[in-house]
Amino acid sequence: MRWLLIGIIVASTTVAEVLQSLGMRRHGEIRDFRPGAIGRAAGLLARNWAVVASVVAMAVSFFAYMALLTQAELSFAVPATAVTYALETLLARLVLKERVNWLRWAGASLVICGVVLVSL
Amino acid sequence: MQNDGTRLRIKSWICATVVVLANVCGNFFMKLGMPAELPTPLAYVAVLFRPQVAFGVSLLVLWMLSRMTLLSWADLSYVLPVTAVGYVLVALAGRILLHESITGRRWTGILLIMAGVALVSVGSAPQTVARKHAPADAAQ
Chain X
1 MRWLLIGIIV ASTTVAEVLQ SLGMRRHGEI RDFRPGAIGR AAGLLARNWA VVASVVAMAV
61 SFFAYMALLT QAELSFAVPA TAVTYALETL LARLVLKERV NWLRWAGASL VICGVVLVSL
Chain G
1 MQNDGTRLRI KSWICATVVV LANVCGNFFM KLGMPAELPT PLAYVAVLFR PQVAFGVSLL
61 VLWMLSRMTL LSWADLSYVL PVTAVGYVLV ALAGRILLHE SITGRRWTGI LLIMAGVALV
121 SVGSAPQTVA RKHAPADAAQ
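Same order as they appear, the protein sequences are chains X and G. When we follow my numbering, the leftmost residue of the first sequence carries the number 1, and every step to the right adds one. When we follow my numbering, the leftmost residue of the second sequence carries the number 1, and every step to the right adds one.
Bound conformation, chain X alone (with noise of 0.2 Å):
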């Protein structure tokens, strides 16, 4: 069961962060912290629909991670869904079109190998 709940928070973690990355860089940088310039940007991000997408994924992640919560330790529940990284790493690169340069890689890779050591 808890190898379930895992699954369901790697995918919906997994699509909701490469969305929520898609929804920010087409929104643009956010340099105005006062609070009027960050309500219009509250709205304007209500209405892009990668963002909305990605509240909606990161719902049901959330959910799944309360579900696990009830039956595993915090250091097991958290580091469990390191596959996230790998994933959502090869995604940044594909699909987000990032540079991912070898020092990228190298600290992915190390923090996939600290995280699934931490979990062990």
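Keep in mind the hints are simulated off the structure, nothing from the lab. Yeah, the Cβ is synthetic: ideal placement off N, Cα and C, and Gly gets one too.
Stretch by stretch, here's where chain G covers chain X in the computed footprint (C-beta under 8 Å, at least three residues): (1) 27 to 41; (2) 57 to 68; (3) 82 to 90; (4) 98 to 108.
Chain G: place on chain X using the hints.
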């Protein structure tokens, strides 16, 4: 006048700090308030009204908003490794506050994560795909 690369890097580090702290504290309060089991769908909603869970959820909302802000200028392949320092803090919080154990293998994992975070946050620029300014800014 500092150059744009330095400005973005410092801005990214500040924002990433908020992202990581909101996530770690949010998860910690969630775990603190979570009952042993959630038998019915209604229980999932009812648990949100427990004070610790409600506080945890507010912090996770802050986490999501600060992460969205960070992603408005930084690459996903930069944000992922850099914010992974949260895993280290979660393991340490579990040890110190919830008395969960950290084995030698776990410590090795923590060191690897820290190395990965250092490599990307120091060695890599946050942005490889240029962004426009947000429309709300441009309107001024």
